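Go by the hints and put chain B with the ligands onto chain A.
Read off the chains here:
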Amino acid sequence: MAIKVLTEHINVPGIETFDVYRKQGGYTAVEKALKTMTPDEVVEEVKKSGVRGRGGAGFPMGMKWSFLAKPEGVPRYLVCNADESEPGTFKDHYLMKTIPHLLIEGMIVSSFALGANKSFIYVRGELMYVIHILEKAIAEAKAAGFLGKNILGSGYDLELVVQPGGGAYICGEETALLESLEGKRGNPRNKPPFPAVKGLYQCPTVVNNVESIATTSWIVNHGGDAYAAIGIGRSTGTKLISASGHINKPGVYEIELGLPVEDFIYADEWCGGIRPGHKLKAVVAGGSSVPILPANLILKLGNGDKRLMSYESLSEGGFQTGTMLGSGGFIVFDETACIVRNTWNFSRFYHHESCGQCSPCREGTGWMEKVLHRIEYGHGNQHDIDLLVDVARRIEGNTICPLGDAAAWPVASAIRHFRDEFEWHITNPHEATQPGAVFKGDMALV
Amino acid sequence: MEDVKPQLFKVTVDGIEVEVEPGTTILQAARKIGPEVAPPAMCYYQPLKGSGGKCRACLVRVAAGSAKDPRPMPKLVASCITPVQDGMVVENTTNPQVLDARKGVVEFLLINHPLDCPVCDQAGECDLQNFAFDHGAANTRYEEERRTFDKHDLGPYVQLHMTRCILCYRCVFTADQITNKRVHGVLNRGDAAEIGTYIEKAIDNDFSGNVIDVCPVGALTDKTYRFKNRVWFTKPVDAHRDCPTCSGKVTLWYRGEEVIRVTARRNEWNEVTEFICNTCRFETKNTSDWVIEGPTKIARGSVISANKYRADLQKPAFGQRLAAAQYKTVDDTRDTSQLGIQQLPPERFNKSLPSATE
Ligand SMILES: Cc1cc2nc3c(=O)[nH]c(=O)nc-3n(C[C@H](O)[C@H](O)[C@H](O)COP(=O)(O)O)c2cc1C
Ligand code: SF4
Ligand code: FES
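Here the protein sequences line up with chains A and B, keeping their order. For the first sequence, position 380 matches number 380 in the working numbering, and the numbering has no gaps at all. For the second sequence, position 158 matches number 1158 in the working numbering, and the numbering has no gaps at all.
It is worth saying that the hints were derived from the structure and are not from the lab. Check the hints yourself; a few may be wrong.
Unchecked claim - Far from chain B, by Cβ distances over 10 Å, these chain A residues were calculated:
no., residue
1, Thr7
2, Pro164
3, Glu179
4, Gly223
5, Arg234
6, Asn303
7, Arg362
8, Ala437
9, Asp442
As the list claims (entries may be wrong) - Derived lysine-lysine pairs resembling DSSO-like cross-links, with alpha carbons at most 30 Å apart:
no., chain 1, residue 1, chain 2, residue 2
10, B, Lys1297, B, Lys1032
11, B, Lys1235, A, Lys70
12, A, Lys249, A, Lys97
13, B, Lys1075, A, Lys191
14, A, Lys184, B, Lys1075
15, B, Lys1068, A, Lys198
16, A, Lys70, B, Lys1049
17, B, Lys1049, A, Lys198
18, A, Lys70, B, Lys1297
19, A, Lys47, B, Lys1075
20, A, Lys191, B, Lys1049
21, B, Lys1235, A, Lys191
22, A, Lys35, A, Lys48
23, A, Lys370, B, Lys1297
24, A, Lys70, A, Lys4
25, A, Lys97, A, Lys70
26, B, Lys1075, A, Lys370
27, B, Lys1151, A, Lys184
28, B, Lys1068, A, Lys47
29, B, Lys1297, A, Lys191
30, B, Lys1032, B, Lys1235
31, B, Lys1075, A, Lys198
Source: prediction; values computed, not measured. Idealized CB from N, CA, C, for every residue including glycine.
Extracted from the complex, chain B is given alone in its bound form:
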């Protein structure tokens, strides 16, 4: 019998063609091409079923729906949940409307987000920091008070800073899908919505620590690592051990000789590949507990990737290079001379900032 291969769909993203299986999303097709054309994702998380569609960071324009029906789609679509069609033409970094909408999303996500990166444990490996750096404007137009929340204690391991939450729902899906008892959800509505364990019940099960890894910002952080160090002073090392509960494959984060943090391993899209148990994460911090494999390859999503934030070393973004070659203008030219200079009108300095640690 002949091997029946599934028919592949041809998709073009920013002028680059790729072949993918039917059912693939635009985002996954773009990722297949490479990070240069992959839309940013703040809520989508490949390992979590049902994730995506919420943050709108990944909006793209579909310039042609398919070979059969080449009409453009009327609105920008969330690439993380929109399946490709054969012959689809997608514009991501080459479309000024997309870049403007994305700039808008950065702004929306930041208006209520405390700008407390200097004291936030997530700084340096924060998806929002990266997203804002890559796609945001250099100054703020928000003059109102930022929202605050009542404090909730999630138990001995996980620290919740609700003010930093961007409601990506990743932790909710994690709690739902990899832990057997659901204790975690979203309460309230609109910008008062907050994640919480219902009636402040601590999340107490073997895999609760994974919500820390899936959180794109500093809303859920590791209490055992809190304020211990800045991530860029630590050295990540892949290691494993025989664990009765999970795969035991982790990344150890060293400061000098000391393991100060254990996390799950991430792929190049900053997604956890295998979730790990709380014993590995919180209770196993001696080098002797682990079999060391070697230094972790950090692809992106961390300051540890060399010179990520060095403006003088920044190459113009891929989209700009491509756009310069193919199109006349594109609206995202970052004036690198302005980086680092906060051009805020003086009256904005008088506003009281929210307290750094809630």
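Bound conformation, chain A alone:
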């Protein structure tokens, strides 16, 4: 049985309560850190663990922490990014609602390490019930002396604030999140300055994902080296994967990084294979913004080796034949899925969620959506395909925040790998717009 860093106790009845969580060994990391370690020692362990940010970009967490500016007399903040809104990603939601104290404990340990006395959890506004769960957990932890003034007699004070978002995907982008937290319109900021230097209220700030922060308790308890021993290469530890789509067992799985993609899809321990009578057509491996890959490319690398669930292996081959681990939103498509329709749907999302600050994203996302909509509904022209590629290319890399890239990649990759499907829609508009019609041409199904 593989090691579980986050979900070991997740099925214990009553684990959402303080008492049960504590009985399962909860809050020992707080005791260990506050009583026996200095903040820098905690940072050191996190660095040693090699854990990378789980919010999408995969930036090494310890390194991010060590960049935090520490000017005299200026408060520092830790902000937990619980805005999880990427289509296909639902792991933070699951973690927070089932085992909220894991996040609270991680927040205390991390805030201690960073020297923050007031920390925030910015939760996606639609998840009101999760906000209530977190608030209850915070009240319990406070009553037990793990939050508030002089925690466990260590002299360290911490206040935790849960802030509901307004329901905008863009507020998951860290600087838009900070703007929103300050009570402003959630527009991403121009960088530099980075939050580590000027973040919340212009003070040094670290923004981390729920899952990233939740791992810190385990790292403090077992040491950074023990964490680094899990996983493969520079992809250390475990990762929560939100599996959805045409598989037998959708759900949230904690996997050790380095698991072959094939095992993850077909083994009973995880997705349990494609639904009966159907075949694998494509996978979006890391949430809607990462490039989609056809079955043959997601399972195998160019040299014939198995592709693994790790940051490096998934991005092997660049965008020509690879993709990204992203936030771990693993969406599986069988041969009944229409790639054009799916691409249009993703595009619709990014068009809807663009903040509208910078011209390429504001105008380009809408343009792509409209063209894809036309193609899907039988009004496409042959030149539309190249137009889409061109628009995506001119958005990518030219925007303030990565939402522009996130909107461009799914379109560019779908055309890269499924161009004949787009062409079929354009040349056979009548057939393609029949209910349930899908492209049945040449493609590698597994």
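Chain B with the ligands in isolation, oriented as in the chain A frame:
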């Protein structure tokens, strides 16, 4: 004691070196060299704090980050908000990737912008017109419907045409920074975002008229000047008066003997140097109210600059000349023979155009 002069940074833009103070942005350094290498700016506005970074018109490539760390920057950067480093090497008009991205920005800004220049008061002094002329493609690839907005009335002085807005946020910063009561902001998201005075509250304070001058396009225009004349038939004259509220330094725009418009004065980058009050702008239109200083020098950004749009008189752009001298090819060669000929496929003429005045 010795005078401690701040150490100057050496920056190279398109092969031309310039020395600037630390903290200067790439755009300002390039402007110091001259208009030939200065990147276009559709949202950045020097007098307004916090402006810039949004339109992406000013993207440039940093070929070397600094003398200490000469690695190139991985992406194009917005020159209006990126500070220079000592020894930085910047490519603007000499980099095909920059010119392509810029062409893209023009296209993005125009897809939803009504092409109603013939009835737009801004025509002739419109930053977007100039930007498109200098950097855009001659035809459009956009076949979808253009977006429209509900009408908002901003009171007796300022006319809002939201369809023409490019969301540069300049007017928002203006309302924020030079007027004491904030009533102006951005509502909604993405391409549905619109500027508005919250709940259609008219902007009623002494300096509200300045949003007209900072607007790069015809989204905010002067109601007292609306449809009175084309800007190229008017004569700008610098004048001043003793004003209790503002500096009183303005430009008067004459048609014959009549002052038909009053605006703030602009510098060579088309930026207002001193904001003026509404009384000067809207209520003081008799020559006798003013002390005339003399004809306004129009440096650029207006059709009044001689022959700006005469294709046959256009010199090849500076970048092309430089590129021709230094590089092999550059992607921005404008085929002047095509100018004026709209090469649109016939089916695009059948699309209904948005109504000219919303
Ligand atoms: C458009 C956009 C949306 C994002 N949404 C989220 C999100 O919902 N949750 C999240 O943790 N990170 C999100 N991110 C990534 C954050 O900007 C940031 O990188 C992350 O919170 C850092 O935490 P980590 O280092 O622990 O991953 C988003 C980024 C972008 C560009
Ligand atoms: S890329 Fe899109 S979401 Fe990001 S700042 Fe620009 S307009 Fe806003
Ligand atoms: S002028 Fe620099 S981004 Fe608009």
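Comparing the hints with the structure gives:
1. Thr7: The claim holds: Thr7(A) sits with its nearest Cβ about 35 Å from chain B, beyond 10 Å.
2. Pro164: Consistent with the label, Pro164(A) stays out of reach of chain B, its closest Cβ about 18 Å off (over 10 Å).
3. Glu179: holds, 12 Å
4. Gly223: Holds: least Cβ distance 35 Å, greater than 10 Å.
5. Arg234: At about 20 Å from chain B, Arg234(A) clears the 10 Å cut-off, so the statement holds.
6. Asn303: holds, 27 Å
7. Arg362: violated, 5 Å
8. Ala437: holds, 24 Å
9. Asp442: holds, 30 Å
10. Lys1297(B) / Lys1032(B): OK: Lys1297(B) and Lys1032(B) at ~19 Å, within 30 Å.
11. Lys1235(B) / Lys70(A): The given pair, whose Cα atoms are some 58 Å apart, is violated under the 30 Å limit.
12. Lys249(A) / Lys97(A): Holds - the C-alpha atoms of Lys97(A) and Lys249(A) are around 20 Å apart, at most 30 Å.
13. Lys1075(B) / Lys191(A): holds, 13 Å
14. Lys184(A) / Lys1075(B): holds, 28 Å
15. Lys1068(B) / Lys198(A): Given that 30 Å is the threshold and the Cα spacing comes to 24 Å, the pair holds.
16. Lys70(A) / Lys1049(B): holds, 27 Å
17. Lys1049(B) / Lys198(A): Roughly 17 Å separates the two Cα atoms, so the pair holds.
18. Lys70(A) / Lys1297(B): The hint is violated at about 51 Å.
19. Lys47(A) / Lys1075(B): Cα-Cα ~28 Å, so holds.
20. Lys191(A) / Lys1049(B): holds, 16 Å
21. Lys1235(B) / Lys191(A): violated, 43 Å
22. Lys35(A) / Lys48(A): holds, 21 Å
23. Lys370(A) / Lys1297(B): violated, 45 Å
24. Lys70(A) / Lys4(A): Violated. Lys70(A) to Lys4(A) sits at ~34 Å, over the 30 Å cutoff.
25. Lys97(A) / Lys70(A): violated, 34 Å
26. Lys1075(B) / Lys370(A): holds, 27 Å
27. Lys1151(B) / Lys184(A): holds, 25 Å
28. Lys1068(B) / Lys47(A): holds, 28 Å
29. Lys1297(B) / Lys191(A): The hint is violated at about 37 Å.
30. Lys1032(B) / Lys1235(B): holds, 29 Å
31. Lys1075(B) / Lys198(A): At roughly 22 Å apart (the allowed maximum being 30 Å), Lys198(A) and Lys1075(B) satisfy the hint.
When the structure is compared with the earlier hints, violations turn up for hints 7, 11, 18, 21, 23, 24, 25 and 29 and for no others.
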